[in-house]
Amino acid sequence: MASRPPVKFFQVGSFAAGNRLLSEDDRTVQSGRDRSNALTKGHRACQGCGEALGARYVLDAAMRATQGRLVAANATGCLEVFSTPYPESSWRLPWLHSLFGNAPAVAAGMAAALRAKGRTDVRVIGQGGDGGTLDIGFACLSGMFERGDDVLYVCYDNEAYMNTGVQRSGATPPAARTATTKPVGEEPGSAFGQGKNAPLIAMAHEIPYVATATVADLHDLEAKVERAMSLHGARYLHVLVPCPLGWGARAADTIRLARLAQETGLFPVFEAEDGEVVAVSKIRRPVPVEEYLRLQRRFAHLFGDAPRTDVIERLQAIADRNIRRFGLVEEVAA
Amino acid sequence: MRDQLEGSQGIARTVARCRPEVISAYPISPQTHIVEALSDMVRTGELAPCEFMLVESEFAAMSAAIGASAMGARAYTATASQGLLYMAEALFNASGLGLPIVMTLANRAIGAPINIWNDHSDAMSQRDSGWIQLYAESNQAAIDLHVQAFALAEELSLPVMVCVDGFVLTHAVEPLDVPEQTEVDAFLPPFEPRQVLDPDDPVTIGAMVGPEAFTEVRYLAHAKQMQALDLVPEIASRFTQAFGRSSGGLLRRYRTEGAETVFVALGSVLGTIEDVVDGLRESGERVGALGITCFRPFPLEEVREALAGARRVVVVERAFAVGIGGIVGQNVRLALEGLPPVVHDVVAGLGGRAVTRRSLESLLADVRAGRLEPGRLHFLDLDTGLVERELQRLQERRRSGPHAENILRDLGAVAARPY
Numbered sequence: 205m206a207s208r209p210p211v212k213f214f215q216v217g218s219f220a221a222g223n224r225l226l227s228e229d230d231r232t233v234q235s236g237r238d239r240s241n242a243l244t245k246g247h248r249a250c251q252g253c254g255e256a257l258g259a260r261y262v263l264d265a266a267m268r269a270t271q272g273r274l275v276a277a278n279a280t281g282c283l284e285v286f287s288t289p290y291p292e293s294s295w296r297l298p299w300l301h302s303l304f305g306n307a308p309a310v311a312a313g314m315a316a317a318l319r320a321k322g323r324t325d326v327r328v329i330g331q332g333g334d335g336g337t338l339d340i341g342f343a344c345l346s347g348m349f350e351r352g353d354d355v356l357y358v359c360y361d362n363e364a365y366m367n368t369g370v371q372r373s374g375a376t377p378p379a380a381r382t383a384t385t386k387p388v389g390e391e392p393g394s395a396f397g398q399g400k401n402a403p404l405i406a407m408a409h410e411i412p413y414v415a416t417a418t419v420a421d422l423h424d425l426e427a428k429v430e431r432a433m434s435l436h437g438a439r440y441l442h443v444l445v446p447c448p449l450g451w452g453a454r455a456a457d458t459i460r461l462a463r464l465a466q467e468t469g470l471f472p473v474f475e476a477e478d479g480e481v482v483a484v485s486k487i488r489r490p491v492p493v494e495e496y497l498r499l500q501r502r503f504a505h506l507f508g509d510a511p512r513t514d515v516i517e518r519l520q521a522i523a524d525r526n527i528r529r530f531g532l533v534e535e536v537a538a
Numbered sequence: 082m083r084d085q086l087e088g089s090q091g092i093a094r095t096v097a098r099c100r101p102e103v104i105s106a107y108p109i110s111p112q113t114h115i116v117e118a119l120s121d122m123v124r125t126g127e128l129a130p131c132e133f134m135l136v137e138s139e140f141a142a143m144s145a146a147i148g149a150s151a152m153g154a155r156a157y158t159a160t161a162s163q164g165l166l167y168m169a170e171a172l173f174n175a176s177g178l179g180l181p182i183v184m185t186l187a188n189r190a191i192g193a194p195i196n197i198w199n200d201h202s203d204a205m206s207q208r209d210s211g212w213i214q215l216y217a218e219s220n221q222a223a224i225d226l227h228v229q230a231f232a233l234a235e236e237l238s239l240p241v242m243v244c245v246d247g248f249v250l251t252h253a254v255e256p257l258d259v260p261e262q263t264e265v266d267a268f269l270p271p272f273e274p275r276q277v278l279d280p281d282d283p284v285t286i287g288a289m290v291g292p293e294a295f296t297e298v299r300y301l302a303h304a305k306q307m308q309a310l311d312l313v314p315e316i317a318s319r320f321t322q323a324f325g326r327s328s329g330g331l332l333r334r335y336r337t338e339g340a341e342t343v344f345v346a347l348g349s350v351l352g353t354i355e356d357v358v359d360g361l362r363e364s365g366e367r368v369g370a371l372g373i374t375c376f377r378p379f380p381l382e383e384v385r386e387a388l389a390g391a392r393r394v395v396v397v398e399r400a401f402a403v404g405i406g407g408i409v410g411q412n413v414r415l416a417l418e419g420l421p422p423v424v425h426d427v428v429a430g431l432g433g434r435a436v437t438r439r440s441l442e443s444l445l446a447d448v449r450a451g452r453l454e455p456g457r458l459h460f461l462d463l464d465t466g467l468v469e470r471e472l473q474r475l476q477e478r479r480r481s482g483p484h485a486e487n488i489l490r491d492l493g494a495v496a497a498r499p500y
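Residue numbers (the working numbering), protein chains in the order written: chain D, 205 to 538; chain V, 82 to 500.
None of these hints come from the bench; they were simulated from the model. All values derive from a computational prediction rather than experimental measurement. There's no promise every hint is true.
Now the stretches of chain D that chain V is said to cover, found in silico as 3 or more residues with beta-carbon under 8 Å [what the hints assert, rightly or not]: (1) 274-283; (2) 320-333.
Pair ranges (Cβ atoms, derived) [claimed, not checked]: (3) 402/V to 504/D: 28 to 38 Å; (4) 384/D to 488/V: 38 to 48 Å; (5) 471/V to 480/D: 26 to 36 Å; (6) 485/V to 395/D: 35 to 45 Å; (7) 472/V to 369/D: 41 to 51 Å; (8) 485/V to 323/D: 24 to 34 Å; (9) 117/V to 400/D: 33 to 43 Å; (10) 436/D to 402/V: 23 to 33 Å; (11) 289/V to 400/D: 33 to 43 Å.
Lysine to any residue pairs mimicking SDA-like chemistry, simulated, CA-CA at most 25 Å apart [as the list claims (entries may be wrong)]: (12) 400/D to 484/D; (13) 386/D to 326/V; (14) 321/D to 126/V; (15) 321/D to 279/V; (16) 400/D to 279/V; (17) 321/D to 264/V; (18) 245/D to 290/V; (19) 321/D to 290/V; (20) 321/D to 265/V; (21) 245/D to 281/V.
C-beta atoms are modelled at their ideal positions from N, C-alpha and C, and glycine is treated no differently.
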């Protein structure tokens with residue numbers, strides 16, 4: 205279980221402003237002047253891109269954990285495209301992009317090479333979006349898990365194929381509008397009862413470490429990366445990264461949306477070791493899903509002249525089920 | 082040391098002596114014996130240091146080899162048929178990135194209809210993937226080509242595919258000379274990568290390239306492959322010096338001096354063709370054979386020179402391009418542009434059908450008698466009756482059913498076939 209500073213920031217509802225209140229040792233990697241800027245300035249991500257933020261947070265934390273001895277394999281997708289417009293590169297670590305669906309296998313090959321060479325100083329990270337991870341790269345990911353390759357694989361989940369123009373993926377939530385699940389016809393948006401829960405499937409492989417996180421809670425995210433890098437074998441980190449373009453949200457709302465996704469219960473934030481959940485991020489006061497949905501044009505069709513309260517109720521039921529299933533709501537002492 | 086060995090065992094032992102550091106493989110017939118033997122050698126420590134990755138698909142096998150190679154490790158895999166197609170995307174990626182991976186391809190047909198036997202449909206489907214393609218005529222050639230392949234790949238920083246006929250070679254047991262470890266070590270220096278993922282000198286490999294430079298990067302892929310036209314013979318001659326036997330090179334001429342008719346082929350069918358040539362030469366006929374060892378890059382000038390004096394060229398190929406005809410034939414025709422030889426494209430030995438001396442001799446008789454229209458694809462030993470009946474069914478009924486099943490029903494028991 206990741207170690208976290210025993211400090212809560214109920215007033216601001218965020219850890220972002222909290223660094224000043226912490227001792228030097230408890231501050232985030234990101235707030236430090238010696239962070240590695242593994243994904244540095246000059247890239248072409250959209251304003252408010254959750255993935256750019258997530259990748260930077262994850263990689264800087266991993267660089268800290270490995271004393272800068274880190275190599276990365278990257279799937280095709282926004283993260284790859286916006287970071288390497290030829291001949292420029294925003295990567296300040298050794299970085300390899302091969303294909304869309306093979307990043308876990310490429311990373312596994314890198315880890316095997318290090319093992320064969322007896323190099324224990326260098327660690328491997330694999331990364332991709334939800335399409336590259338959950339859909340086209342899923343067989344490679346599962347193979348990497350079951351073999352126990354010494355790789356931390358990070359999925360930056362923005363819940364659709366954003367790089368190709370916002371089409372539905374296996375991580376797209378029900379009712380969400382995408383370019384291939386438009387709000388037309390009897391069942392507007394993405395269908396209910398579809399999609400897959402990658403963290404739970406990862407856990408079913410009984411790998412040493414599986415965690416979810418969002419870009420809203422930097423302390424939590426960094427602690428999970430640090431924990432993951434303290435372990436060996438196949439590890440999986442699933443980070444929710446809101447996409448202003450694909451979600452139809454204000455760029456300024458990226459962190460807010462990530463926090464709301466967690467606080468509604470729609471995106472459970474937890475940690476699992478060897479297939480068992482060992483910690484969950486509690487929700488103090490669950491937020492109704494409507495508050496989260498209203499900020500995003502991908503759900504605008506639910507709030508038209510004839511609001512689809514039935515659909516909103518079904519989405520609320522998903523959040524409620526997550527809350528029950530993972531014990532997300534903080535017990536208040538009587 | 083000369084041993085009675087199965088081809089796959091010979092290949093596996095040779096690959097092991099090339100000291101691959103990462104082997105990733107997914108089982109597919111007829112490649113299995115090669116990777117099983119390598120797995121044994123890694124497990125017993127005979128091949129060390131080496132990581133043997135049991136991956137979940139050929140796509141992952143090639144992808145893991147890409148990661149390992151970019152990390153500076155000597156990487157190897159083997160596959161066949163559908164497996165090669167399943168890794169097709171990664172094949173282009175490996176060559177595009179310029180990663181010197183060596184792969185054995187145990188040549189096998191591609192479905193549908195599913196068929197596990199030997200032809201060259203798999204290799205030919207990836208002839209433009211940017212991989213260097215070497216074809217083994219025999220198991221000894223297969224062994225020798227693997228040693229040369231690692232040297233070639235690493236010198237050019239390009240991947241090399243060694244094509245070995247499935248079953249015909251991979252499963253044939255014969256006396257084979259597997260190079261000693263010390264000999265291979267002297268011939269093949271440790272892998273010194275041109276690009277490597279190194280925290281002390283971080284580079285970005287696999288960046289996005291737009292119209293401003295894509296052509297130039299692709300030009301380099303071509304220019305580097307063309308360098309192999311010089312390097313392949315050079316490595317072959319170094320090999321001869323080191324191992325005392327001739328092997329590899331771009332082409333192999335067999336009794337082509339003064340030949341009016343020259344067979345052109347790739348792979349193990351050359352053995353049969355050479356027997357035919359010997360027989361006909363004994364009866365005074367001026368026949369020869371040209372084996373193409375290096376099909377990619379294609380040695381246009383050398384082929385032109387080798388065939389310039391012939392009257393006719395019969396290309397016997399184990400695959401074809403549906404909708405146009407011969408593949409090797411097209412390349413040979415390009416090499417012979419403006420020269421007199423007439424080129425005949427003959428498809429033979431598809432899906433494991435044996436290419437016999439008798440068939441080849443009667444083919445040659447047909448060619449000489451002008452019964453084969455040049456420029457038109459000819460299928461050796463085609464059962465025209467079977468084909469005609471199925472074409473007839475297509476005319477007669479809308480729902481004529483699946484071809485393969487219809488033809489097999491017409492054919493009945495196959496044991497009594499003459500070939």
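Each hint, compared with the structure:
1. With a cut-off of 8 Å between beta carbons, the segment 274-283 of chain D has 4 residues touching chain V; three or more are needed, and the interface restraint holds.
2. Look at the segment 320-333 of chain D against chain V: 4 of its residues bring a Cβ nearer than 8 Å to a Cβ of that chain, three or more, so the hint holds.
3. Checking the proposed 28 to 38 Å range against residue 402/V and residue 504/D shows it is violated: the Cβ atoms sit about 52 Å from each other.
4. Range check, residue 384/D to residue 488/V: about 41 Å between beta-carbon atoms, so the 38 to 48 Å window is met.
5. A hinted range of 26 to 36 Å is violated for the C-beta pair residue 471/V and residue 480/D, which are about 60 Å apart.
6. For residue 485/V and residue 395/D, the hinted distance range of 35 to 45 Å is satisfied, since their beta carbons lie about 38 Å from each other.
7. Residue 472/V and residue 369/D have their C-beta atoms about 46 Å apart, which keeps the hinted 41 to 51 Å range intact.
8. A hinted range of 24 to 34 Å for the beta carbons of residue 485/V and residue 323/D is inconsistent with their spacing of about 51 Å.
9. Range check, residue 117/V to residue 400/D: about 35 Å between beta-carbon atoms, so the 33 to 43 Å window is met.
10. Taking the beta carbon of each, residue 436/D and residue 402/V are about 49 Å apart, not inside 23 to 33 Å as hinted.
11. At about 29 Å, the beta-carbon gap between residue 289/V and residue 400/D misses the expected band of 33 to 43 Å.
12. This hinted pair checks out: residue 400/D and residue 484/D have alpha carbons roughly 20 Å apart, not beyond 25 Å.
13. Between residue 386/D and residue 326/V, the direct Cα distance comes to roughly 68 Å. Violation of the 25 Å bound is thereby established for this hinted pair.
14. Between residue 321/D and residue 126/V the CA atoms are separated by roughly 15 Å; this keeps the pair inside 25 Å, and the hint holds.
15. Our distance criterion of 25 Å between C-alpha atoms is met by residue 321/D and residue 279/V, whose separation comes to about 13 Å.
16. Between residue 400/D and residue 279/V, the direct Cα distance comes to roughly 36 Å. Violation of the 25 Å bound is thereby established for this hinted pair.
17. The straight-line distance between the Cα atoms of residue 321/D and residue 264/V is roughly 23 Å, inside the 25 Å bound, and the hint therefore holds.
18. Distance check on the hinted pair: residue 245/D and residue 290/V sit about 19 Å apart at the alpha-carbon level, within 25 Å; holds.
19. Distance restraint check for residue 321/D and residue 290/V: the Cα-Cα separation of roughly 32 Å exceeds the 25 Å cut-off, and the hinted pair is therefore not satisfied.
20. Between residue 321/D and residue 265/V the alpha-carbon distance is near 20 Å, which keeps this suggested pair within the 25 Å criterion.
21. Between residue 245/D and residue 281/V the alpha-carbon distance is near 21 Å, which keeps this suggested pair within the 25 Å criterion.
The earlier numbered hints that this structure contradicts are 3, 5, 8, 10, 11, 13, 16 and 19.
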